[in-house]
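There are 2 protein chains.
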Amino acid sequence: MADKNLNDLFLDTLKDIYFAEKQIVKTLPKMAKAANSPKLSAAFEKHQVETEGQIERLDEIFELLGKPARGKTCDAILGIIDEGKEIMDEYKGTAALDAGLLAAAQAVEHYEISRYGTLKSWATKLGMKDAVRLLDQTLLEEKKTDDTLTKLAETEVNAEAA
Amino acid sequence: MADKNLNDLFLDTLKDIYFAEKQIVKTLPKMAKAANSPKLSAAFEKHQVETEGQIERLDEIFELLGKPARGKTCDAILGIIDEGKEIMDEYKGTAALDAGLLAAAQAVEHYEISRYGTLKSWATKLGMKDAVRLLDQTLLEEKKTDDTLTKLAETEVNAEAA
Chain A
0 MADKNLNDLF LDTLKDIYFA EKQIVKTLPK MAKAANSPKL SAAFEKHQVE
50 TEGQIERLDE IFELLGKPAR GKTCDAILGI IDEGKEIMDE YKGTAALDAG
100 LLAAAQAVEH YEISRYGTLK SWATKLGMKD AVRLLDQTLL EEKKTDDTLT
150 KLAETEVNAE AA
Chain B
0 MADKNLNDLF LDTLKDIYFA EKQIVKTLPK MAKAANSPKL SAAFEKHQVE
50 TEGQIERLDE IFELLGKPAR GKTCDAILGI IDEGKEIMDE YKGTAALDAG
100 LLAAAQAVEH YEISRYGTLK SWATKLGMKD AVRLLDQTLL EEKKTDDTLT
150 KLAETEVNAE AA
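Respectively, the protein sequence lines represent chains A and B.
Residue 29 in numbering that gives the first Met the number 0 sits at position 30 of the first sequence, and the numbers go up by one each step.
Residue 43 in numbering that gives the first Met the number 0 sits at position 44 of the second sequence, and the numbers go up by one each step.
So that you can see chain A by itself, here it is in the shape it has in the complex (with noise of 0.2 Å):
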């Protein structure tokens, strides 16, 4: 146990992150189908697709490590799917339901910002110069992302639900 290193906490997080990746690319439809906003249902999809790159990103990782791709339940990401689907129940059929959905997915973004950024400082000491290329093409996504949902909150979304 006390042996436990950086390259444990590595194996350790990037198996948290795949399983909640697995369950974003899940939701995400569910996301798009509820928005009642053309555009912001277009953001969901979109950012779909890159999900779908980033659980490939992820695969490679687990590759140049020799481990099977496998993921551990991550907590944290239930809870905040979870707070999503209460949202979507509770404001169903209200001009508010797609300023709660934009801000559960940007709950979501700042999950991944956290842990990719985490795990390309943690490859960035190890050495891992493959991963930390892989883990920062995915953190600008996920920044790009947020970013996106912050202007549609702020030019449409919003101001559709006052």
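Just so you know, not all the hints are guaranteed correct.
Which copy is meant is left open, because identical chains are indistinguishable; a pair holds if it fits in one copy or across any two.
Straight-line Cα separation of at most 30 Å, DSSO-like style, residue types lysine-lysine; simulated pairs [unchecked claim]: (1) K119 <-> K71; (2) K38 <-> K124; (3) K124 <-> K66; (4) K14 <-> K32; (5) K91 <-> K3; (6) K32 <-> K66; (7) K128 <-> K45.
These are calculated hints, taken from the structure and not from any lab test.
Owing to the predicted nature of the structure, the values given are computational and were not obtained by experimental measurement.
Please build the complex by placing chain B on the supplied structure of chain A, with the hints as guidance.
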């Protein structure tokens, strides 16, 4: 049901982050005690004092709304904190413990950044100037704490773990 609007969503999300902050303020002393690095421990203690101030700002916003300050179970923060506890158990006594604690704290920070960003954006749309000011103060503190943790990871904690 169909009458719910952005005011309701704002109040629901305020209750969510109020519950979350109350959980965080209980967890930070445990993290400070668990950390090996005195600098990391001090960062957690500093953030605990800040969190108490952030709860007071939320109290003020409830008062501005004329509503009782009351939390609502936030599954997201419970999941994020559970993951942190798991790290504390699984990496106890290892050189990687601090890196794991720091990553858990950054996941908490990012959840808060996402929630306060959303609340500030909605308060702006709803014309709640005083609430915008209070939310912005907390948002800046959370971003600063996240930056502090990133620097601590890069300069101290990850090197010790590798």
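Hints, one by one, checked against the model:
no.	hint	in the structure
1	K119 <-> K71	within (19 Å within a copy, 34 Å between copies)
2	K38 <-> K124	between (40 Å within a copy, 19 Å between copies)
3	K124 <-> K66	within (20 Å within a copy, 49 Å between copies)
4	K14 <-> K32	both (29 Å within a copy, 27 Å between copies)
5	K91 <-> K3	between (47 Å within a copy, 9 Å between copies)
6	K32 <-> K66	neither (36 Å within a copy, 34 Å between copies)
7	K128 <-> K45	within (28 Å within a copy, 35 Å between copies)
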